[in-house]
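Participant: Residue-level listing of the chains:
There are 2 protein chains.
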Amino acid sequence: MDLDVLVEGVRQGRPRAVARLITLVENGSPVLREISAELVRLCAARPERARIIGLTGSPGVGKSTSTAMLVRTFRERGRKVGVLAVDPSSPFTGGALLGDRVRMQDHATDSGVFIRSMASRGHLGGLSWAAPQALRVLEAAGCEVILVETVGVGQAEVDIASLADSTIVLLAPGMGDGVQAAKAGILEIADVFVVNKADRDGTQATIRELRNMLALVERAWRPPIVPTVAYRGEGGGDVADALDAHLAHLEESGELERRRRARARDEIEAVALAALRSRFAHLHGDRRLDALAVRVLAAELDPYAAADELLASLG
Amino acid sequence: MDLDVLVEGVRQGRPRAVARLITLVENGSPVLREISAELVRLCAARPERARIIGLTGSPGVGKSTSTAMLVRTFRERGRKVGVLAVDPSSPFTGGALLGDRVRMQDHATDSGVFIRSMASRGHLGGLSWAAPQALRVLEAAGCEVILVETVGVGQAEVDIASLADSTIVLLAPGMGDGVQAAKAGILEIADVFVVNKADRDGTQATIRELRNMLALVERAWRPPIVPTVAYRGEGGGDVADALDAHLAHLEESGELERRRRARARDEIEAVALAALRSRFAHLHGDRRLDALAVRVLAAELDPYAAADELLASLG
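As you go down the protein sequences, you meet chains A and B in turn.
Under our numbering, the residue at position 30 of the first sequence is numbered 38, and the numbers go up by one with no gaps.
Under our numbering, the residue at position 80 of the second sequence is numbered 88, and the numbers go up by one with no gaps.
Any given hint could be a false lead.
One copy or two, it doesn't matter: identical chains are merged, so the pair holds either way.
Think about it this way: if two alpha-carbon atoms lie no more than 25 Å apart in a straight line, the pair counts; the simulated SDA-like pairs of lysine to any residue are [what the hints assert, rightly or not]:
id : residue 1 : residue 2
1  : LYS88     : ALA223
2  : LYS88     : ARG230
3  : LYS88     : GLU317
4  : LYS88     : THR211
5  : LYS88     : VAL225
6  : LYS88     : ALA27
7  : LYS88     : ALA307
8  : LYS88     : ASP316
9  : LYS88     : ARG24
10 : LYS88     : PRO23
11 : LYS88     : SER321
12 : LYS88     : HIS257
13 : LYS88     : ALA306
14 : LYS88     : ARG267
15 : LYS88     : ARG219
16 : LYS88     : VAL39
17 : LYS88     : LEU305
18 : LYS88     : ASN220
19 : LYS88     : GLY210
20 : LYS88     : ARG296
21 : LYS88     : ARG19
Just so you know, the hints here were simulated from the structure itself, not pulled from any lab data.
All chains, full assembly: derive it from the sequences and hints.
Facilitator: In C-alpha cells:
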C-alpha cells in the first residue's frame with residue numbers, strides 16, 4: 009500500500025481513499041501512526057475547522073432519516089458534509105453495512121457527501137481511539153460539517169457527545185416517558201432536542217414534558233426543542249438554524265475552544281493507552297495475562313497485584 | 009475509615025457495609041487496592057462462585073419490573089441475590105438513585121437481597137474497571153446469584169455481556185423491528201431472550217421474528233425465547249429454568265471456565281491501565297496533557313507523537 013497516494017487521495021476528497029483510510033482506523037492499523045502528522049497538517053490547512061455534530065437517540069426514532077434530511081439541508085447551504093455512523097454494537101459486523109446501504113441511496117451520486125459506518129472494536133478505549141481519527145480523515149478530505157450518528161442510549165452516546173461540538177438528541181412521540189429520558193442522561197448531553205415524527209399524536213405532550221424537565225435545570229445554554237417530520241423533509245432548516253445558534257453560543261462563551269481541547273486530550277490519552285496495551289501484547293502474547301487470570305480465579309492473586317505484575321513486566 | 013471493620017461487615021453480609029464499599033468502587037477509591045486480596049479470598053471461601061446474570065434491553069421494555077420478578081424467583085428457590093444496576097449514563101448522577109428507590113420498595117425488608125445502582129464514571133475503561141470489583145463485593149457478601157441490569161442497546165450492553173455468565177436480552181412487542189435488533193448486536197450477546205409484556209398484541213409476531221433470525225445463526229447454544237408478563241409475575245420460573253439450562257450448557261462445554269478467565273484477564277488489564285492513567289495524573293496533573301492538546305490543535309504535533317511524549321514522561 010502506498011501511503012502517500014492514499015493521503016493524497018484523501019486530500020483531493022476521493023471517496024475510495026477516504027473509505028480505505030477509515031477502514032484502517034476501524035481495524036486499528038499501525039500505519040496510521042505514519043500518516044497522522046500529515047492528516048493533522050491537512051486539517052489545519054483548511055480555511056476552517058470541521059464542525060462536529062453528534063446525533064443520537066433510541067432505536068426507532070428515525071435517526072437514519074433525520075441524518076439524511078440534515079445532509080440535504082447542509083448541502084443546500086453549500087457545505088461539504090461527512091457522516092460517520094458509529095455502531096456501538098462493537099465487536100460485530102453486519103449492522104454497519106446495512107446502515108450504509110440504506111443511507112447511501114439518497115446521496116450516492118453527490119460528491120459533496122461522505123458517508124461511512126464504523127464499528128468501535130474492542131472495549132477498552134475503542135471508540136475514544138478510533139472516532140477522533142476517523143473524524144480527522146473526513147476533515148482532511150474537506151468535510152466542513154460532520155454528523156456523527158449513533159444508536160441507543162448509553163455510554164456510546166456520552167462518548168459521542170464528548171466528540172461533538174453540538175449534540176442532537178432525537179426523540180419521537182410516545183417512545184418512553186420522561187423518567188426513562190432522565191435515566192439515560194440525555195438531558196445532560198443534548199444541545200438541541202429534535203422531536204421527530206411530529207405528525208403523530210403525542211408530539212405536543214412530548215415537547216411539553218421536555219420543556220418542563222429543562223426548566224428544572226440551570227444551564228448557560230437552554231437546548232431548543234425542534235419538531236421535525238424527517239421522512240417528508242420537514243424541519244431540516246430549523247434544526248440547522250438551532251445548531252448555528254448553538255455554535256455561536258459556543259464561540260462567544262469560549263466553550264468551543266474548551267471542548268476541542270478536551271477532545272484532543274482524550275485522544276492523546278486514548279492513543280497512549282492503546283500503545284501501552286499493544287506493548288503488553290507484543291511482550292507477552294496472551295499467555296502471561298492468561299496465567300495471571302488463572303491465579304486470580306484461584307484466589308492466589310488479587311487483580312491489583314496481578315496488574316502490578318503485568319506493569320512490572322513492561323520494564 | 010476502618011477497612012477491616014468494613015470488610016468484616018461485607019463478610020457478614022451487612023447491607024450498609026456492602027453499600028459503602030460499592031460507593032468506594034464507584035468513586036474509584038485507591039483504598040480498594042488494600043482490601044482487594046481479602047475480597048478475593050472471601051469469594052474463594054464461599055462454597056460456590058456467584059453466578060452472574062446480565063439483563064439488558066431498550067428503555068420501556070420493563071427491565072426494572074423483570075429484575076424484581078427474577079429476584080423473587082431466585083429468592084423462592086433459596087438463593088441469596090444481588091442486583092447491580094449499571095447506569096451507562098456515566099458521568100451523571102440522579103438516574104441511579106431514582107432506579108434504586110423504585111426497586112427497593114419490593115425487597116427492602118428482605119435480608120437475602122442486595123440492590124445497588126452504580127454509575128460508570130469516566131469513559132476509558134470505567135465500567136471494565138468498576139463492575140468486576142462491585143461484583144466481587146456482592147459475591148464476598150454471600151450473593152449466590154447476581155443480576156447485572158443495564159439500560160439501552162450499545163457498548164455498555166456488550167460490556168455487560170462480557171461480565172456475565174448468562175445474558176438475558178429483554179424485548180417487548182412492537183418495540184422496533186428485526187433490523188433494529190440486529191443492528192444493536194443483541195442477537196450475538198443474548199443467551200436467553202425474554203419477550204416481556206406478553207399480554208400485548210404483537211407478542212407472537214415478535215417471537216416468530218426472533219425465531220426466524222435465530223434460525224439464520226449457527227451456534228452451539230440456541231437461545232430460548234421466554235414470554236413473560238413481569239408486572240404480574242408471570243414467567244419468572246420459566247426464565248430461571250432457561251438460565252439453569254444455559255448454565256448447564258456452559259459447564260458441560262467448558263465455556264464457563266473460559267468466560268470467567270476472559271473476565272479476569274479483562275479486569276487485570278483494566279486495573280493496570282487505570283493505574284497507568286493515575287500515574288500520568290500524579291506526575292503531571294492535567295497541565296502537561298493540556299499543553300500537548302494545545303499543540304495538537306495547532307497542528308504542531310500529531311496525536312501519536314503527543315502520546316509518545318506523554319509515555320516517555322512516565323520514565
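Participant: Next step is simple, just say for each hint if it's right about the structure.
Facilitator: Each hint, compared with the structure:
In this homomeric assembly, LYS88 and ALA223 never come within 25 Å of each other (Cα to Cα): the closest approach is 36 Å inside a single copy and 43 Å across copies. Taking the shortest Cα distances, LYS88 and ARG230 never come within 25 Å of each other, neither inside one copy (28 Å) nor across copies (46 Å). Proximity of LYS88 to GLU317 under the C-alpha cut-off of 25 Å is found in neither arrangement, the shortest distances being 50 Å within a copy and 34 Å between copies. Taking identical chains as interchangeable, the C-alpha atoms of LYS88 and THR211 are never at most 25 Å apart, the minima being 32 Å within one chain and 45 Å between chains.
For the homomeric pair LYS88 and VAL225, neither the shortest alpha-carbon distance inside one copy (35 Å) nor that between copies (40 Å) is at most 25 Å. Proximity of LYS88 to ALA27 under the C-alpha cut-off of 25 Å is restricted to the intra-copy arrangement: shortest distance 16 Å within a copy versus 52 Å between copies. For the homomeric pair LYS88 and ALA307, the shortest alpha-carbon distance between copies (22 Å) is at most 25 Å, but the shortest distance inside one copy (57 Å) is not. Taking the shortest Cα distances, LYS88 and ASP316 never come within 25 Å of each other, neither inside one copy (49 Å) nor across copies (33 Å).
In the homo-oligomer, the alpha carbons of LYS88 and ARG24 lie at most 25 Å apart inside one protomer (16 Å), although the nearest pairing across protomers, at 57 Å, exceeds that limit. Taking the shortest alpha-carbon separations for LYS88 and PRO23, only the intra-copy value of 13 Å comes in at or below 25 Å, while the best inter-copy value is 57 Å. When the C-alpha separation of LYS88 and SER321 is checked against a cutoff of 25 Å, the pair qualifies neither within a copy, at 48 Å, nor between copies, at 40 Å. In this homomeric assembly, LYS88 and HIS257 come within 25 Å of each other (Cα to Cα) only inside a single copy, at 23 Å, whereas the closest approach across copies is 53 Å.
Only between protomers do LYS88 and ALA306 lie at most 25 Å apart by alpha-carbon distance; the minimum there is 23 Å, versus 57 Å within a single protomer. For the homomeric pair LYS88 and ARG267, the shortest alpha-carbon distance inside one copy (22 Å) is at most 25 Å, but the shortest distance between copies (46 Å) is not. With identical chains, the CA atoms of LYS88 and ARG219 are never at most 25 Å apart, being 33 Å at best within one copy and 43 Å at best between copies. In the homo-oligomer, the alpha carbons of LYS88 and VAL39 never lie at most 25 Å apart, since the shortest distance is 27 Å inside one protomer and 51 Å across protomers.
Proximity of LYS88 to LEU305 under the C-alpha cut-off of 25 Å is restricted to the inter-copy arrangement: shortest distance 21 Å between copies versus 53 Å within a copy. Taking identical chains as interchangeable, the C-alpha atoms of LYS88 and ASN220 are never at most 25 Å apart, the minima being 37 Å within one chain and 41 Å between chains. Taking identical chains as interchangeable, the C-alpha atoms of LYS88 and GLY210 are never at most 25 Å apart, the minima being 35 Å within one chain and 43 Å between chains. In the homo-oligomer, the alpha carbons of LYS88 and ARG296 never lie at most 25 Å apart, since the shortest distance is 49 Å inside one protomer and 35 Å across protomers.
In the homo-oligomer, the alpha carbons of LYS88 and ARG19 lie at most 25 Å apart inside one protomer (14 Å), although the nearest pairing across protomers, at 61 Å, exceeds that limit.
Taken one by one, the earlier hints fail for this structure at numbers 1, 2, 3, 4, 5, 8, 11, 15, 16, 18, 19, 20, listed in ascending order.
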